[in-house]
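Q: Residues per chain, in single letters:
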Amino acid sequence: MRFRDYLSLFLVIILGFIIFQAFDGTIDNGLNIKQFGEVNLSERTSIHYINKDVNNESTQIIYNESKNPESGSANYVTSIIANYRALDTLGEITVLFIAAAGLAFVLGDHNKNNAFASDASFIVKIGVKILFPLLFLLGIYIIIHGHLTPGGGFQGGAVIATAILLKFLAYKDYKLNHTGLTILESFAGISFLIIGLIGLYTDGSFLTNFLANGTIGTLFSAGVIPIIYILIGIKVGAELSGIISNLINA
Amino acid sequence: MILLTTLGYIMIILGSLFLLLGALGIVRMPDLYNRIQAGTKATTLGALSSIIGVGLVNPNWFFKTLIIAIFIVLTNPIGSHSIARSSYKSGLKPELQSEIDEYKPENIQDERSDLR
Amino acid sequence: MMILSYLLILLMIIGALAAVLFENLLNSIISLGLISLIAAALMFILKAPDVAMTEAIIGAGLTTSIFIFTLIKINRGDSQ
Amino acid sequence: MAFLNQWAYIGGSIILILIGLFGVLTRRNLIKIVVSIGIMDTGVNLLLVSLGYINGGLAPILTATNPTNNLNFVDPLPQALVLTAIVIGVAILALALSIVIKIYENNNTLQIDEIRGLKL
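Protein sequences, first through last, are from chains A, B, C and D.
Residue numbers 82 to 331, in our numbering, belong to the letters of the first sequence in order.
Residue numbers 2 to 117, in our numbering, belong to the letters of the second sequence in order.
Residue numbers 1209 to 1288, in our numbering, belong to the letters of the third sequence in order.
Residue numbers 11 to 130, in our numbering, belong to the letters of the fourth sequence in order.
Same shape as in the complex, but just chain A (with noise of 0.2 Å):
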């Protein structure tokens, strides 16, 4: 240990009791941070949220009962990404694709030397053949059922892309199509915007849910919220790959 070490240590220690002084929900400093645990819901504007109806009064929600809230999905945190803040979700995508694309940059494209020397062994090789597809499966599975189970098109592109790392991990030649993910990720992007272009026309805001809600919990119901949630999943696992092949091929 240098100086600098006990000198950043010191800092490190100075800043943690600020912060825990902060968070200290005894003392009144007006940051409306409450004590663990004890959080009242309806201070908090999600309170809406919970009542899926931001705009009228709040109604009683039953699951496979009620139809046409105004965010029809069950899973609630799937209703804040797709629909109340779907905003915020097209630009997280949006940085997403920045990250990607700045790391293509850095890396170059000289596609020659591979991160192994040789092809795994046999028994990985079969074990890859079977399971592939399967988790190929898994993460369509985890996608569609977004809206009603825990679940989505982040955590389904990202199981998608652990199935194409695995094939990377097997063979030592494999390569993606490049173009084929350039074509997925933009056809994923444009129609999410003109999804929500579609809601601005229709019923004058940016991603309205324009299309009929359905009896809540069912398959078919949520509107537009499962078909932007299967746009996420494109173009998340189109994303990742892309990241995963760009630095096995650097």
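Certain hints may be false.
What the hints assert, rightly or not - Computed footprint of chain A on chain D; a stretch qualifies when at least three of its residues, placed anywhere within it, have a C-beta under 8 Å from a C-beta of chain A:
hint, segment
1, 41 to 52
2, 60 to 74
3, 102 to 114
Keep in mind the hints are simulated off the structure, nothing from the lab.
Glycine included, C-beta positions come from ideal geometry on N, C-alpha and C.
Since the structure of chain A is already known, use the hints to place chains B, C and D on it.
A: Just chains B, C and D now, kept in the frame of chain A:
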């Protein structure tokens, strides 16, 4: 119904016993290859039986637990095989030297190189 | 359940100290994966299954493999 | 025990952030610095999720066993924020690692003391 629940709890207890045995094996065994053997075999059986036990206790989840069990059966042996192979290739010697080393490249009679 | 979560938090802090203080790069990368896995378990205890799934897939799976590919690249360059 | 009940999650994640900050400030290996940034990322995510927890709350998903919205759910808003933050985090780590690879190719070292100039 009570029968299924009892069976499920028995399987969970059995599975955790196998997991405990696997952990003991990892502490007790002398080198990496023995540890992989203890860790993988006992852990696969333990995780499998406890997951099936969960599916029996709550029958709504049975098919999902079956899918998880299939994934464990497929991935766990492949992973431990890769670990053992890469540690052999990077030159880790076993603790107890044995005379026969069938995995050496000159000892393999078969011409197909991808069987190694 | 609460005792379990306290133990997990303690293990996570020990893992973070190990990840920062270890000299070997591979050890600290594996410690980072361990931290992500424990954080996924804690988020499941905090009733956030979506976040737990994401953290388990991305934090423990993809991040670790990306770091290890970087290590492979750098060692390959070192030997040449 | 009441002290632990209140401070375990919040304190643990703040300590995680501080450990990551200490690593960023003191380590000299570039990959070690990126690992420390990853630790800070995990700590921030855990802190945000634990701020939305409610004692005795349920996971914010309507199912056949929790069929109505009158139940006591935890706050879903921090969860949605953290869900996007994790995906952005892995992309940013990958970008940082690609820059690390380039720096290694140009300078043949990872120690930040020995890197002279920015000859990219």
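Q: Each of the hints needs a verdict: does it hold here or not?
A: Each hint tested on the structure:
1. A stretch counts as covered by a chain when three or more of its residues have a beta carbon under 8 Å from one of that chain; for the segment 41 to 52 of chain D and chain A the count is 0, and the coverage is violated.
2. Beta-carbon proximity to chain A at under 8 Å applies to 12 residues in the segment 60 to 74 of chain D; the threshold of 3 is reached and the given coverage holds.
3. Three residues within the 8 Å Cβ limit are the bar, and the segment 102 to 114 of chain D against chain A gives 8, so the coverage statement holds.
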